[in-house]
Every structure is written in C-alpha cells, then in structure tokens.
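If you read the protein sequences in the order shown, they are chains A and B. Numbering-wise (the numbering used here), the first sequence opens with residue 1 and increments by one. Numbering-wise (the numbering used here), the second sequence opens with residue 1001 and increments by one.
Simulated from the structure, these hints should not be mistaken for lab results. Hints should not be assumed to be uniformly reliable.
Said to hold, decoys possible - Per the computed footprint, the stretches of chain B lying under chain A, defined by three or more beta-carbons under 8 Å from a beta-carbon of chain A, are:
1. 1039-1045
2. 1050-1063
3. 1241-1247
To be verified - Restraint-style ranges between C-beta atoms, simulated for each label pair:
4. A/Pro171 x B/Ala1266: 34 to 44 Å
5. A/Asp166 x B/Ala1266: 30 to 40 Å
6. A/Asp27 x B/Ala1268: 52 to 62 Å
7. B/Met1246 x A/Asp166: 36 to 46 Å
8. B/Gly1226 x A/Asp166: 34 to 44 Å
9. B/Ile1134 x A/Ser99: 27 to 37 Å
10. A/Ala10 x B/Gly1226: 51 to 61 Å
11. B/Ser1270 x A/Asp166: 21 to 31 Å
12. B/Ser1270 x A/Asp192: 54 to 64 Å
13. B/Glu1225 x A/Ser99: 44 to 54 Å
14. B/Ser1067 x A/Ala3: 37 to 47 Å
15. A/Pro171 x B/Gln1239: 49 to 59 Å
16. A/Gly130 x B/Lys1251: 50 to 60 Å
17. A/Pro171 x B/Glu1225: 21 to 31 Å
The C-beta atom is built at its ideal place from N, Cα and C for all residues, glycine as well.
Spelled out from the first residue to the last, the chains are:
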Amino acid sequence: MTAAQAEDRARSSQIDAALIRRVANGDQGALAELYDRFSGLLLALARRVLNSTSDAEEVLQEVFVQVWNQAKRYDGRRSSVSTWLVLITRSRAIDRLRSRQVKDRTLGALQQEKPNEHTSPEGMRSVLWGQRRKRLREALAELPDAQRHVLDLAFYSGMTQSEIADSTGIPLGTVKTRTLLAMKKLRKSLQDEIRELL
Amino acid sequence: MTSPESEHDQAIERLIDALASTDHETVLAHTGDDERAHAEALALLAYAEPEAVPAPSTRDAILRAVSDTPVADRPAPVATLPQPEPTTTAEVIPLASRRPASTGLTWALAAMLVASLAGLAFFAGQVGAHRQTIEDLQARQAFAPDLAGRLTGLEKELELTRQRLDLASSIARQVYPMRTASDDQRGPRGVMFVCGQHQRWLLSVKGLEPAEAGFEYHLWFDTDEGPIDGGVVQVGINQLAERHAMSMPLKTNGFYLTRERADIGATAPSEERVLVSDRAIDI
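Start from the sequences, fold in the hints, and give me the full structure.
And the structure:
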C-alpha cells in the first residue's frame, strides 16, 4: 500500500466516525451520507447470506433504522465503523435466514455462480473499496479451498463449528484447525488493511 | 501457562464461535488487543462480494422511517392537523337593498342557490382533504404502537445485553470453558466469564438440548465448603442458554451443570454432570 493510499483510507475512516457522531445527534443528512457510503457493501453482504435481493433490501432498511436508533452506542474503541455496520448487517441477515429455515438452500447457494457484478457510481469511495476488495480477493485466493469453505460457512451462514462439522461430515477438530489457519493467513495477508482499521 | 500463540488461537476460536450467536455485540465483546484485529479481519470478508446497487426506493424508505421514528431520547413530534385555508363567505344581500318582490327575489334566490352550491362544493373538498388526513394519521397511529412496543422490547433486550457484555468485555474478565464430562468434541459447550474484580459472572451454554419434562439444569459452584447452587439454567431449542449474577460464592474452585428433577427443589447435585469446567478457577 502506498503512503497516499494509506492516507486516503485514514481520511475515509475519520469521515465514517464523524458521520456516526452526527447520526447520534439526530442528523438525518449524515445517515443518508452513511447510507450512500456503505449501502452497496452491506446489500451485497446481505444478499450473499440470504440469496434473495428483496430480502436483502429489507434487511438493509432494518440495518440503517437500527443504526439511527443505536448510533449513540457505537464505541470506536471496539471496532471501526465499517466493521460495526458489517456485523450488524450480518446479524440481521442471519436472523432472517434462520427464521426462514433455509440453511440447506444456503449451502446450495454457496456452490452457485456469484451474482453479476454491479458497480456503484461514486468515484473515490469506489476506488478505495475496489482496492480493498482486490486485496481481500487476493488474500482469499491464497487460502486452500478447504479453509476458505469453512470460513464461508462460519461467516455467511452463522453455523457453529460443530454445525459445520455435522453438515459437511468433516471432523470437528479438522474444522477448527481449518478456520484457525484460515483466519491466521487472512490476518497476515491483510495486516495493512487491519492496521488502518484499528 | 498459555503461550501468546495459543492465546491467539483461542481468541480466533472464540470469535468464530461467537459469530454463531448472530449477536454482533457478542462478537465485539471479544475485542481488546489482538481480538479486535481478528474481528476486523473477519469483517473484511464482507468485501469479497462485488458491491450491489440498492433500489432507489430503499433509501427513501429508510429516510421516511427515521423521520417517523424519533431518536430514542428525543420526544416524539406531536402530530397536528393542518389548519384549513381561510374561506370566503357567500355575500349576504342585506334586506334593505333587495330588489322588488318578484324579480329581486328570483335573483336573490338564484344567487343564494349558486352560493350554496359553491359553498357545498368547497366544503365537500375540505371534508375530502380532512378525511385523507385522518386516514393518514390513523395509519400512522396503527403503525406507531407496534413500533413503540418493538422499540421498548428492543431497548430492554439491549440493556440486558449491554450489562452482560460489560462483564464479558471487561479488562479484568477471565474466561473458563466448559466441556462434557466425557470431553465429547461434538457435545454441548459452555463458557463462564468471571470478572476478577467483583466476581461478577456470566455463564453461556450452547448445544444443550432442553431438559425433558419434569427435569431442569442446575449450575453448581464447587467450593471449599461443598457445592453451592448457582440456580436453574433455562435451555431453549437452538438457543444460547445464559445465566449471570453479581457475585460468586467465596472460595469457588470450579463449577458444573447437572440435570435435576424439577419437582423436588434440588439442594445438592445429582450424579449426572452434564458440563464441567475445563480448569480450576484461580481468581
């Protein structure tokens, strides 16, 4: 990562934190701006979990209403804004997934083709996120398929390691080893990205 | 003594398992030092997907919802009916200037009729507008109690969660895993968070089947004076079971979960230990 890129990302994180503070003070314009910055990422995540664009759109609405109501509780010491939003979205999507009782369909969806790529219009934000996505994809591509698969199941379907072992037939100890190794490699590959989020 | 490497491994494992709770606060509760870095690494997985473009109506719906739903500590805006537009009254023909009986009366009657019809038409429009406003307000009113109820429920739930997570994320907290007595890798698991400063504790158990009718799960603290009842642990289907309290019995060495008959009020643990602490408590 170049110094200029690092500076851009640091500025982006500061903007995110400032927006959350404004949302906490009841600034709807700040919420709209936060939505414009993150809706593409969060919708893609929700759609990946739910395999349904309409359900994902509803989850996206719920997420930002929750952000509006809980912005005062955001604690910058515990996570970056993007991580906070990602985890809220994931929680909501997994809740809906479980209520639909479609875990089996989700496992099938993991093997399907990915949806067509859409691009969002804004310039700088897309550039930064495009770089981050590229770095992440490179990091994930370095993982063995077996490790990436268990990480996908843990993150996108909310399965415990025991449930992953049960559904895939892989011994629990092997599941744990694979997720551990995957996370370690991911963290090492993305140490620059993570450093700017801390 | 654990090495930094194994501590990292345990942190990653806790993080991965915490994801299954779908409670993002639980995940963030494992923050602090390297665990936050692990959480940030995990959240980066969201960037693996290409960005999606939401429908324009989604943004509008969100902004409408937050403008209708006030920020929690601000009073709700008071709905007011729109004030009616100033109206013009029909001209009243004074008695003194009326035309002579027949022609004048006819014109007057005609004028009054026209004015009445105009007035009726105007008021009909006003009634229609008011009816629409009333229907809109009734729709909002029907929606608002539901929202208010949900908000109250969520606030209570979040307050409880925040209290629990204050404990789980406390710097002084220690973590004690639980396992089945036979160390069955696929069996239920538990974890006890203990805050060394106050001995507040939070027990979290997963993978345990609900007790059959007539039985319940009891937590027991193993102390120098013998076992002390830590209370009943309610277990639902496919749910995390939790129990917490502000203090732990003195000289607690360990803890375990047993299955007891619900009708007799257990005063001592039975032989059937479902989960046991993996190591001794050393606060």
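Going down the list of hints, with the structure as the test:
1. 1039-1045: Result for this restraint: holds, n = 7.
2. 1050-1063: Held - the segment 1050-1063 of chain B has 11 residues with a Cβ nearer than 8 Å to chain A, which meets the minimum of three.
3. 1241-1247: n = 0 at 8 Å, threshold three: violated.
4. A/Pro171 x B/Ala1266: 34 to 44 Å: holds (36 Å)
5. A/Asp166 x B/Ala1266: 30 to 40 Å: At roughly 32 Å between Cβ atoms, B/Ala1266 and A/Asp166 fall inside 30 to 40 Å, so the hint holds.
6. A/Asp27 x B/Ala1268: 52 to 62 Å: Check passed, 59 Å falls within 52 to 62 Å.
7. B/Met1246 x A/Asp166: 36 to 46 Å: holds (37 Å)
8. B/Gly1226 x A/Asp166: 34 to 44 Å: Since the Cβ atoms of B/Gly1226 and A/Asp166 sit about 38 Å apart, the hinted range of 34 to 44 Å holds.
9. B/Ile1134 x A/Ser99: 27 to 37 Å: holds (36 Å)
10. A/Ala10 x B/Gly1226: 51 to 61 Å: holds (58 Å)
11. B/Ser1270 x A/Asp166: 21 to 31 Å: Given a distance of about 29 Å, which is inside 21 to 31 Å, the answer is holds.
12. B/Ser1270 x A/Asp192: 54 to 64 Å: Given about 55 Å between the Cβ atoms, the range holds.
13. B/Glu1225 x A/Ser99: 44 to 54 Å: Because 46 Å falls inside the window, the suggested range holds.
14. B/Ser1067 x A/Ala3: 37 to 47 Å: holds (42 Å)
15. A/Pro171 x B/Gln1239: 49 to 59 Å: violated (26 Å)
16. A/Gly130 x B/Lys1251: 50 to 60 Å: holds (59 Å)
17. A/Pro171 x B/Glu1225: 21 to 31 Å: Violated, at about 42 Å.
Violation of the numbered hints given earlier is confined to hints 3, 15 and 17; the remaining hints are satisfied by the structure.
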